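Student: Residue numbers (the working numbering), protein chains in the order written: chain A, 1 to 388; chain B, 1 to 388; chain C, 1 to 123; chain D, 1 to 123.
None of these hints come from the bench; they were simulated from the model.
Here the structure is a predicted model, which means the values were calculated and not measured.
We put the CB at the ideal spot given by N, CA and C, even for glycine.
Be careful, since some hints might not be right.
Output of the computed footprint for chain A on chain B, the stretches with three or more beta carbons under 8 Å from beta carbons of chain A [to be verified]:
#1 101 to 112
#2 172 to 185
#3 225 to 233
#4 305 to 316
Derived CB-CB ranges, DEER-like [said to hold, decoys possible]:
#5 A:Gly-59 x B:Ala-62: 40 to 48 Å
#6 A:Gly-170 x B:Arg-138: 42 to 50 Å
#7 D:Lys-97 x A:Ala-259: 39 to 47 Å
#8 B:Lys-216 x D:Thr-3: 51 to 59 Å
#9 A:Ile-228 x D:Lys-44: 44 to 52 Å
#10 D:Glu-123 x B:Pro-343: 30 to 38 Å
#11 D:Glu-118 x B:Leu-3: 34 to 42 Å
#12 B:Lys-215 x A:Val-136: 42 to 50 Å
#13 B:Pro-24 x D:Thr-3: 25 to 33 Å
#14 D:Glu-20 x B:Gly-340: 53 to 61 Å
#15 A:Lys-89 x B:Ala-62: 39 to 47 Å
#16 B:Glu-140 x D:Gly-94: 51 to 59 Å
#17 A:Gly-59 x B:Arg-363: 53 to 61 Å
Derived DSS-like pairs: lysine-lysine, alpha-carbon spacing no greater than 27 Å straight-line [said to hold, decoys possible]:
#18 D:Lys-120 x B:Lys-331
#19 A:Lys-331 x C:Lys-44
#20 C:Lys-42 x C:Lys-97
#21 A:Lys-331 x C:Lys-86
#22 B:Lys-91 x A:Lys-91
#23 B:Lys-61 x C:Lys-97
#24 B:Lys-215 x C:Lys-97
#25 B:Lys-375 x D:Lys-120
#26 C:Lys-44 x C:Lys-75
#27 D:Lys-73 x D:Lys-120
#28 A:Lys-375 x C:Lys-85
#29 B:Lys-331 x D:Lys-97
#30 A:Lys-216 x B:Lys-331
#31 C:Lys-5 x A:Lys-375
The residues making up each chain are set out below.
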Amino acid sequence: MNLIYMDHASATPVREQVIKAMVPYFDLQFGNPSAVYDMGFNIKQVIEEQRAHVARLIGAKANEIIFASSGAEANNLAIKGVALAGQKKGKHIIISAIEHHSVLNSARFLERMDFEVTFLPVDEHGLVDPERLAKVIRPETILVSVMHANNEIGTIQAISELSSICREKGVIFHTDAVASVGNIPVDVNVLGVDLLSLSGISLGAPKGTGALYFKKNIRLMPLIHGGIQEMGRRGGTENVPGIVGLGKASELAANEISAKKDQLQKLRELLVSGIQEKIKKVTLTGHPDKRLPGHASFCIEAIEGEALIYMLNQDGIYSNTGSACASKALKTSPVLVAIGVPPDLAQGSVVFTMNNNSVQEVRYVLEKLASAVEKLRSLSPIWREKTA
Amino acid sequence: MNLIYMDHASATPVREQVIKAMVPYFDLQFGNPSAVYDMGFNIKQVIEEQRAHVARLIGAKANEIIFASSGAEANNLAIKGVALAGQKKGKHIIISAIEHHSVLNSARFLERMDFEVTFLPVDEHGLVDPERLAKVIRPETILVSVMHANNEIGTIQAISELSSICREKGVIFHTDAVASVGNIPVDVNVLGVDLLSLSGISLGAPKGTGALYFKKNIRLMPLIHGGIQEMGRRGGTENVPGIVGLGKASELAANEISAKKDQLQKLRELLVSGIQEKIKKVTLTGHPDKRLPGHASFCIEAIEGEALIYMLNQDGIYSNTGSACASKALKTSPVLVAIGVPPDLAQGSVVFTMNNNSVQEVRYVLEKLASAVEKLRSLSPIWREKTA
Amino acid sequence: MYTDKVMDHFSNPRNAGVIENADGIGEVGNPVCGDMMAFYIKVKDDKLDDVKFQTFGCVAAIAVSSIVSEMAKGKSLKEAKLITKKTVTESLDGLPKEKMHCSNLGAEALAKAIKDYETKISE
Amino acid sequence: MYTDKVMDHFSNPRNAGVIENADGIGEVGNPVCGDMMAFYIKVKDDKLDDVKFQTFGCVAAIAVSSIVSEMAKGKSLKEAKLITKKTVTESLDGLPKEKMHCSNLGAEALAKAIKDYETKISE
Ligand SMILES: Cc1ncc(COP(=O)(O)O)c(C=O)c1O
Ligand SMILES: Cc1ncc(COP(=O)(O)O)c(C=O)c1O
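When you get a sec, could you build the whole thing from the sequences and use the hints?
Tutor: This is the structure we're talking about:
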């Protein structure tokens with residue numbers, strides 16, 4: 001059976017070119033980049049080249065990039081690093097209600113450190129209202145964090161509007177761009193952000209890689225204290241092969257990303273319209289067009305997401321869900337709650353995130369999804385009630 | 001020119017077997033381990049197998065291992081994680097004066113969080129005195145951290161003595177075993193520790209990998225907040241290939257480590273006695289025999305370490321130094337200061353850490369080292385003074 | 001994550017559906033939590049002549065419902081009452097820990113259906 | 001990290017050694033900091049007839065000393081005084097930033113040696 005992978009928001013395969021670039025740094029060029037001798041120095045140079053590649057992908061300068069071990073680490077470093085370094089100025093931060101766990105739980109940690117956190121609500125499409133942001137900023141606010149694109153519902157925020165409000169008020173602005181970098185062109189200058197997190201998982205780079213962009217004047221308390229690595233902002237021996245993978249993938253993405261958008265959007269439209277045609281009582285979650293080009297997310301009435309994912313899995317299709325049963329915490333996705341999806345409907349969440357997918361694959365998914373939904377609904381006591 | 005690598009404390013090459021084990025997890029099995037479908041689940045299983053391998057290497061249980069992105073991260077998680085989770089009990093911690101930067105600077109961070117830190121002095125061989133430790137423990141002491149083996153001077157501490165003092169007094173004990181795990185048999189039960197850090201760099205695993213052992217009842221504040229990965233103790237998508245590398249390398253090390261000791265010790269004795277024979281005015285730093293088997297470190301009078309490393313580099317030899325000029329901070333190694341090496345002598349630091357080296361290599365190093373020292377001394381105004 | 005037995009019952013659920021004019025009906029759970037089951041029984045000579053179920057829920061919930069229906073069908077009411085979470089789990093060769101509590105409601109729903117029947121006939 | 005020029009002077013230092021009965025001696029730095037240089041000069045007709053140095057220090061310190069000695073040798077005292085950290089760095093095609101300050105003491109040591117000579121003859 002051919003496998004159809006439509007969960008690119010969770011992980012992307014590493015391309016052969018990228019693997020090839022990495023492998024020599026496991027055994028041939030294995031030295032520690034801090035070492036004084038030539039092998040160490042050469043590897044240090046290689047790291048700096050990768051830093052430039054990552055910077056170029058997002059319109060930054062190389063010395064504004066810190067490598068991290070994941071998007072989550074980049075988010076932690078941004079949120080805690082800015083807050084702990086800036087707490088003399090104030091102990092209030094603002095994050096949106098649909099942030100990734102790594103931002104949310106960093107904020108919760110800061111609450112335990114006597115910070116106050118304001119959670120900005122979003123509308124039914126997942127958008128933060130700039131006026132609302134302007135209203136909750138206080139003199140003691142030191143940081144605002146709103147994600148660029150949401151991984152569960154695909155919504156893309158008006159970051160430049162939000163960041164300009166913060167700039168005017170002298171508040172540092174961070175965006176979690178893990179779900180956008182690699183999928184759409186991202187430029188830190190256009191976005192007007194002070195800090196931006198990205199991850200290898202969306203970039204065709206290996207898992208366990210990421211980076212934080214930070215404007216040169218931003219003060220950051222390190223998250224991982226240690227030696228002089230990463231300009232003193234992150235200790236620990238550098239993950240050299242990982243960094244090479246992230247750099248190579250960034251280089252490739254920088255060249256390909258503009259072309260990708262149209263193709264992904266076409267696939268998405270095919271998938272969305274197909275589903276709406278073939279399946280009754282289905283809601284597109286997130287914004288209808290301010291969304292990631294390859295991202296299609298739905299709530300399907302009267303069925304449960306985990307069961308649907310398994311059924312699709314049996315047809316060779318990999319997709320995702322925000323259903324409570326599929327989360328280890330057995331809790332409904334806070335993102336779906338935040339956009340006002342009723343809890344029973346939220347159980348029927350299914351998310352397709354496309355990248356190198358084809359029209360044929362979309363057609364196949366449509367067919368199999370329709371029959372899986374039909375089968376599950378035939379089992380479902382709520383569906384009977386609905387149609388009765 | 002054949003290259004002779006004698007800086008295994010800084011990095012170790014990844015073996016072909018280990019690379020082979022890792023590569024499929026870049027492109028074939030690339031899914032997110034948290035994903036619900038079979039690819040995700042299979043990868044999760046693979047991670048758990050690796051956890052068991054790492055646990056077995058140090059006599060722990062699999063559910064006592066948290067994967068980290070480096071030894072430095074494991075140290076940060078241990079020090080800050082225990083301190084921040086336990087601060088209601090007390091805000092005093094104790095670390096030795098020769099800890100790695102990642103422990104030292106984690107402690108300095110805690111000082112900024114209103115903790116008090118006691119730095120335990122060491123004797124001229126780098127050993128912590130158990131009686132001295134017993135004396136500085138107070139009712140509000142919640143954590144003691146003393147490294148197992150020191151990477152710069154090779155000294156191995158009497159950890160079980162130190163930990164038993166802490167156990168009696170109900171104080172949590174952590175040891176940074178980055179320099180020992182992979183070089184000597186390490187068993188958490190024999191050591192009697194509550195937490196232990198290890199890193200891929202000493203294990204023939206890739207850089208950017210590490211793990212923290214923690215006894216099940218130890219409360220830990222996460223360092224990287226996020227989702228439910230690593231039993232909720234470390235957020236971020238797992239570095240699956242890295243974890244596979246660490247697991248495979250641990251499996252190999254567990255089988256090989258006992259055999260390695262004798263051979264390494266022989267090489268070390270050859271190197272130490274040869275240097276003492278061929279070179280005048282040279283001091284072995286660290287303990288004469290309570291030291292890592294493949295670790296030989298010296299201070300050589302009237303020369304400077306960076307220059308020596310470069311000269312050896314020109315002869316194809318990779319070694320290390322704790323000299324001020326070679327450190328980016330231009331500061332003399334705090335470890336050499338702590339064991340009482342005078343600052344001018346500390347400049348002449350050179351460190352050889354062996355692993356798969358041969359007798360011929362040691363002989364070659366002896367020859368080249370002697371002539372490099374002679375050449376540098378012929379340039380040195382202090383040497384002239386000394387011999388005049 | 002799931003055993004072969006679970007996957008088999010999930011993929012080919014036995015006795016799915018509704019019994020019109022059932023002798024007893026038992027419903028547990030609710031869709032807000034993610035799992036909801038309805039059991040329908042037909043009783044003849046104190047035996048479960050027919051058992052059907054409908055389930056809204058995850059893989060575990062569906063498999064549990066299916067195997068409970070299979071275990072119950074043909075059994076006497078007394079025997080059927082001995083079906084518990086534990087015996088269900090065993091018959092499925094185990095369930096993931098986090099699924100034990102909220103998805104394993106089949107035995108409960110069946111018991112409710114039997115009770116429903118018993119209440120009705122005692123009226 | 002270092003330029004080829006630096007590595008050349010480090011590997012083959014020019015004019016290393018001591019001039020016995022030097023006309024001027026200049027010492028800067030100290031071994032505690034990691035860099036120490038001594039310059040010895042022989043002066044003839046207001047020209048640096050011979051220049052030698054001894055250096056305890058890192059690659060940069062040795063290369064700096066070597067190139068300073070080469071730049072100075074044969075020059076008039078006046079010309080030699082124009083040798084600065086900047087011209088030394090340029091002649092070496094650059095030095096790592098962190099090495100600019102403490103390892104680049106050659107020009108200073110040479111100037112001290114010239115001063116020493118000038119003080120002596122003016123006595
Ligand atoms: C004793 C010791 N602890 C901790 C570390 C940090 O480990 P890593 O380089 O994986 O961050 C090192 C690395 O050199 C070390 O030698
Ligand atoms: C929006 C968002 N932020 C952050 C992260 C965390 O990135 P990583 O998985 O590299 O830790 C993710 C990962 O799924 C994400 O989707």
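Student: Each hint should be assessed against the structure and marked as holding or not.
Tutor: Verification of the hints:
Residues of the segment 101 to 112 of chain B with a Cβ under 8 Å from some Cβ of chain A number 6, which satisfies the need for three, so the listed coverage holds. Beta-carbon proximity to chain A at under 8 Å applies to 0 residues in the segment 172 to 185 of chain B; the threshold of 3 is not reached and the given coverage is violated. Counting residues of the segment 225 to 233 of chain B whose CB lies closer than 8 Å to any CB of chain A gives 4, so the stated coverage by that chain holds, three being the minimum. Closer than 8 Å: that is the beta-carbon criterion, and the segment 305 to 316 of chain B has 5 residues meeting it against chain A, so the requirement of 3 holds.
Between Gly-59 of chain A and Ala-62 of chain B the beta carbon distance is about 44 Å. The supplied range of 40 to 48 Å therefore holds. Range check, Gly-170 of chain A to Arg-138 of chain B: about 43 Å between beta-carbon atoms, so the 42 to 50 Å window is met. Under the hint 39 to 47 Å, the C-beta atoms of Lys-97 of chain D and Ala-259 of chain A, about 40 Å apart, fit the expected range. For the pair Lys-216 of chain B and Thr-3 of chain D, the supplied restraint of 51 to 59 Å holds, since their beta-carbon distance comes to about 56 Å.
A beta carbon spacing of about 48 Å between Ile-228 of chain A and Lys-44 of chain D agrees with the range 44 to 52 Å that was offered as a hint. Range check, Glu-123 of chain D to Pro-343 of chain B: about 36 Å between beta-carbon atoms, so the 30 to 38 Å window is met. A C-beta distance of roughly 50 Å is found between Glu-118 of chain D and Leu-3 of chain B, which places it outside the suggested range of 34 to 42 Å. Distance hint check: the CB atoms of Lys-215 of chain B and Val-136 of chain A are about 43 Å apart, consistent with the given range 42 to 50 Å.
Between Pro-24 of chain B and Thr-3 of chain D the CB atoms are about 43 Å apart, so this pair departs from the stated range of 25 to 33 Å. A C-beta distance of roughly 37 Å is found between Glu-20 of chain D and Gly-340 of chain B, which places it outside the suggested range of 53 to 61 Å. Under the hint 39 to 47 Å, the C-beta atoms of Lys-89 of chain A and Ala-62 of chain B, about 45 Å apart, fit the expected range. Between Glu-140 of chain B and Gly-94 of chain D the Cβ separation comes to about 53 Å, which falls inside the hinted range of 51 to 59 Å.
At about 55 Å, the CB distance of Gly-59 of chain A to Arg-363 of chain B agrees with the hint of 53 to 61 Å. Of the pairs offered as hints, the one joining Lys-120 of chain D and Lys-331 of chain B is violated, with about 37 Å between alpha carbons and a cut-off of 27 Å exceeded. With a CA separation close to 42 Å, the supplied pair Lys-331 of chain A and Lys-44 of chain C exceeds the 27 Å bound. For a cut-off of 27 Å, the pair hint linking Lys-42 of chain C to Lys-97 of chain C is broken: about 33 Å separates their Cα positions.
With a C-alpha separation of about 25 Å, the suggested pair Lys-331 of chain A and Lys-86 of chain C falls inside the 27 Å cut-off, and the hint holds. Note on Lys-91 of chain B and Lys-91 of chain A: the hinted pairing holds, with a Cα-Cα distance of about 22 Å set against a maximum of 27 Å. In summary, the hint linking Lys-61 of chain B to Lys-97 of chain C is supported, as the alpha carbons are separated by about 19 Å, within the 27 Å threshold. Restraint check: the Cα-Cα separation between Lys-215 of chain B and Lys-97 of chain C comes to about 22 Å, which is no more than 27 Å; the hinted pair holds.
A C-alpha spacing of about 33 Å is found between Lys-375 of chain B and Lys-120 of chain D, which places the hinted pair above 27 Å, so the restraint is violated. Restraint check: the Cα-Cα separation between Lys-44 of chain C and Lys-75 of chain C comes to about 10 Å, which is no more than 27 Å; the hinted pair holds. In summary, the hint linking Lys-73 of chain D to Lys-120 of chain D is supported, as the alpha carbons are separated by about 20 Å, within the 27 Å threshold. Annotation: proposed proximity of Lys-375 of chain A to Lys-85 of chain C holds, straight-line Cα distance about 26 Å (limit 27 Å).
A hinted pair counts as satisfied when its Cα atoms are at most 27 Å apart, and Lys-331 of chain B with Lys-97 of chain D qualifies at roughly 16 Å. Restraint check for Lys-216 of chain A and Lys-331 of chain B: the C-alpha separation of about 25 Å stays at or below 27 Å, so the hint holds. A distance of roughly 19 Å separates the Cα atoms of Lys-5 of chain C and Lys-375 of chain A; the hinted pair therefore holds under the 27 Å criterion.
Checked against the numbered hints above, the structure violates hints 2, 11, 13, 14, 18, 19, 20 and 25; every other hint is satisfied.
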